[in-house]
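There are 2 protein chains.
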Amino acid sequence: MKKESGYYAWLGEVRQKREFARVTDASLPPDAYRITGGGGAVTIASSDAAGAMYGEFAAGAQIRLGVEPATLDVTSVPAAKYRVLNHWDNMDGTVERGYAGRSLFFRNSELCYDAERIEDYARLLASVGINGICLNNVNLRDDSRRLITDEKLPQLAELAAIFRKYHVRLIIAVDFAAPKTVGGLSTSDPLDGGVIAWWRDTAARVYGYIPDLLGFLVKADSEFQSGPAALGRTQADGANVLAGALAPYGGTVFWRCFVYNCLQDWRDTVTDRPKAAYDHFFPLDGTFADNVVLQVKVGPVDFQVYEPLSPLLGALKNTRRGLELQVTQEYTGQQIDLYATAIPWERALSSHVSETRTLSELFGGGIDTVVGVSNAGDDENWTGNPLAQANLYAFGRLAWNPRASAGDILRDWSRLTFGNASDAAEPIADMLLQSTDVYAKYNAPLGIGWMVTPGHHYGVNIDGYEFSKWGTYHRAAHDALGVDRTSRGTGLTAQYDPWVAAQFEDARTCPEELLLFFHRLPYTFRLKGGVPLIQHIYDTHFDGADGVARFIETWDALRGKVPDELHSCVAERLNRQLENAVEWRDIVNTYFHRLTGIPDEKGRQIWL
Amino acid sequence: MKKESGYYAWLGEVRQKREFARVTDASLPPDAYRITGGGGAVTIASSDAAGAMYGEFAAGAQIRLGVEPATLDVTSVPAAKYRVLNHWDNMDGTVERGYAGRSLFFRNSELCYDAERIEDYARLLASVGINGICLNNVNLRDDSRRLITDEKLPQLAELAAIFRKYHVRLIIAVDFAAPKTVGGLSTSDPLDGGVIAWWRDTAARVYGYIPDLLGFLVKADSEFQSGPAALGRTQADGANVLAGALAPYGGTVFWRCFVYNCLQDWRDTVTDRPKAAYDHFFPLDGTFADNVVLQVKVGPVDFQVYEPLSPLLGALKNTRRGLELQVTQEYTGQQIDLYATAIPWERALSSHVSETRTLSELFGGGIDTVVGVSNAGDDENWTGNPLAQANLYAFGRLAWNPRASAGDILRDWSRLTFGNASDAAEPIADMLLQSTDVYAKYNAPLGIGWMVTPGHHYGVNIDGYEFSKWGTYHRAAHDALGVDRTSRGTGLTAQYDPWVAAQFEDARTCPEELLLFFHRLPYTFRLKGGVPLIQHIYDTHFDGADGVARFIETWDALRGKVPDELHSCVAERLNRQLENAVEWRDIVNTYFHRLTGIPDEKGRQIWL
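Line order of the protein sequences matches chains F and X.
325 is the number that our numbering gives to position 325 of the first sequence; each next residue is one higher, with no gaps.
469 is the number that our numbering gives to position 469 of the second sequence; each next residue is one higher, with no gaps.
Hints in this document: simulated from the structure, not taken from any laboratory.
There could be a bad hint or two in this list.
Each pair may be met inside one copy or between any two copies, as identical chains are not told apart.
Only pairs whose alpha carbons sit at most 20 angstroms apart, straight line, appear in this in silico SDA-like list of lysine to any residue [to be verified]:
1. Lys469 to Pro454
2. Lys469 to Thr590
3. Lys317 to Arg357
4. Lys275 to Glu579
5. Lys165 to Gly93
6. Lys469 to His457
7. Lys602 to Pro532
Please build the complete structure, drawing on both the sequences and the hints.
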């Protein structure tokens, strides 16, 4: 076993326990801490044990980053109450959209784990403030439906105990139809007395085993999962029956808003998938129980490179919201290609939901939960590509403080991981900072998204989703490209605050990276710098592949400055990324050159 | 078990044994027969037992088709010596490109079969003259490599005994690398003494169990199968070592010519997949042993709707050839869509290999073997879609007599199956006769091929193979479409006889259904009837889908005139075919309308 060497990253530092003085300060909110370094000792003040722990991790990190202990003077309050990871782990050990080996928790329909490894994982998560975790996939299968039964709960409770040491509370993903599929009732109608009683009994049973369970997570009426709509009930009817059952125990229902028609006809140009979540949930604002959190993906489609904010995040006024981010790189390189998610998260958090407010400013108000879909698996280095650990780290940091700078976070991660004085820390942080721009350049242009291999979602396939049922179309023709989602088109813009909508409505004010998300434009349309759209497509695709080549040069120069095993693991992935980027570059350029007949102004190689 | 009812088709008739008088006529060639009906009795003359059997089946069929026994006067000599089926059955029970259930022969890495069912199958094949069968897939896996060992041969010999009753001889598909993978040698170099001895010993062992084995079938150096090329040896070196081992037993090596680069770069416009078989094998003409048959697919690519003949079929002069046809409908509707393979086979057999000769005229000369990739599985009705039985029947008929008319064959099949006096026989035969034109109309236009879903090969995906490694590209751009394979392009035409090449070279003389196989043309190019290419694409795609709708009307009218179970089985498939045809129509039309901007002259619905 070379387990220790495999961990590589910031965990190595986290495990070096330091001793600090602790004091109680009841005026501090839950989880918050104050670090003071005067008087020859570092002191952590908090109102609770979790806050003391977070303070110790934070103080240790500051010292490792070179801050003189005597000068420490930090007070920190988390912006979100729940900072949660969702694992999409199946009980057969596979991980949906997982790129780091198999499940840390399951095998062969059983809980199955290395307790020491789980404790390391819990410590890792706690070190960046994560305090909730759902282990099982929201897409439920027969075995995972039974996690809420006496058959599985004793083992789950043992796992909960490990996480509890680090103030990380479990969540269980449940099947909305569990009264039927698990309980054997004839219905799962949320207004049925038997169903209400069944959920109440189930909550009692689950909390008997895991008294601090954070709650239940539900994907309902979505991609073939059951839900209240099929029974003629509302999403609120559905969520509230579970909420009623969990309320006596202080539990929360995390109810996903990823509800849309996944059997659309490509010929249908009226239905527009990004409108779906708002259409389903906005009319129900204010009708959800107090212990329901609506879990909303950050963008209105599905974790593409460029999307606007989901309009639902700003539109809901009387409903608690959770912001769902994807730490695992489903559409963004699958931990082969380098992609620092901190950058687009920072962009999203600083995006306006109205003239006067950014998304980050809703934290502590309507948004009290941040959810990340985990990128960790049982690979020795946790995340497949060790540099993808930066994304897990950044998720915790931004969930705690959504106004933190992505640059600071990535530089901190790099210094904590490779050493504060390491020659490698700065170049690696720079690569990470450039990574998302490079990736976006060789991918689908300007917010149009979805030019990926169907199913698998790695690699380019321009028409892969163009004639399918998933509601994701680019509608590229010889003269124009994109979907008009303004008031002249599908009307998505009307779901936004008027000030925001006005930016999106006009191609001259629309953020450039969202131009083809909101507008159908001729290839001759001139971007802000005066470059025609088609030339921008060519330019960015050549630049993107060149950027990967530069990463390889940078990385080659770091040989000997990072552990050899880590170096070769990343080098191998960068070479695959280059192949991928070259395919994207050439196929996108050829596709649009064939379609338009417009040559590259700079005469570079575009294949026939 | 409703086994009998499931068989539906001509087997029911085949099983009604009739008694005829038999005489020996040593002047008749092997397998041949003469039927005479004079003098109050029907008499079958033949020189061998197989001929007598074929004569009895033929006489029985004639009588069932309403021929007055007294008037019978038929002498029939098979044009091909070997009339062979290849099953692509894996020993786990799956069937590669199988659309009729699971394997009739294998399960769980073992031989596993219903002896009565196998006897029915043998009788069915014999009734149309088939006299050889390979049970295992040419793509070998570990278990099927071991069919030539003492572990598997005893069971295989039992199966051979059933087929032997009907003069059907077994073939075994073997791994070229078997000396290593099965024999444990360090090489499979065909010039190595140990390898030569190993094959000799293996032949002795196999023939010890199955004395009338027809031979070995080999897919070498193709799609990741091992072969002599990797060892620096020629295809002839490879084939001849097996031929030497089989010669003492009268065995034959069937050596496939499906050798090409399946890792092509789409950017490479010089390499041209249809040239590959000729390039690999033509230089070796005359160097193969006498008991080697080169098994050549009918077209130079892979069983697309429209392809020219493989140039190799006409070019080889001093090498025995086997013509490989695909009975199973891999690219032609997968036994969901109706597609009577007799029609394209008739077209191929009557195509010229030179000014003076058609392909059918090579039979009995260079071509002495016809191979069909079987469409049968363990579905009760043998072929999934019961009407696809017509393809198995037609294969036997054309292998015996390549100048037979597809229309006669399909009408005979329909009358034998549904009854000579049935109201259903004629309309069903008409549907079959129209089926390939209808299918071709809604598929990839004019010989361009390959606009199918990758991997699976059912349904439309225009760019599915466009940027892949398989060497199959349409290169559609806004102004032109197709690959120039003339002397001005990749030069494929030079592989044909000059008279044939001259037809292909000129777009005005090239057979219209091959226009985009051989030429890159502007969408405004006018076809023979004066219709522009783009309008032809629109017209045929609307027509194709309309044709399927007409099939459904015809079929609806046949309710009650065919067995109910058969009716509903076909009806369900015709409805799926209509969905498929509508997707093809709309996606092809939309794709080319987007690409060209040219509207349909007739103003029909083309989606945006």
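Do the hints match the structure? See the list:
Taking the closest pair of Cα atoms, Lys469 and Pro454 come within 20 angstroms of each other both inside a single copy (11 angstroms) and across two copies (17 angstroms). Taking the shortest Cα distances, Lys469 and Thr590 sit within 20 angstroms of each other only across copies (16 angstroms), while inside one copy they are farther apart (26 angstroms). Taking CA atoms no more than 20 angstroms apart as the test, Lys317 paired with Arg357 passes inside one copy only; the shortest distance there is 13 angstroms, against 82 angstroms between copies. Within a single copy, Lys275 and Glu579 get their C-alpha atoms no closer than 35 angstroms, and across copies no closer than 28 angstroms, so neither meets the 20 angstroms cut-off.
With identical chains, the CA atoms of Lys165 and Gly93 are never at most 20 angstroms apart, being 25 angstroms at best within one copy and 51 angstroms at best between copies. In this assembly of identical chains, Lys469 and His457 lie within 20 angstroms of each other by CA distance both inside one copy and across copies; the values are 16 angstroms within and 19 angstroms between. Taking CA atoms no more than 20 angstroms apart as the test, Lys602 paired with Pro532 passes inside one copy only; the shortest distance there is 13 angstroms, against 35 angstroms between copies.
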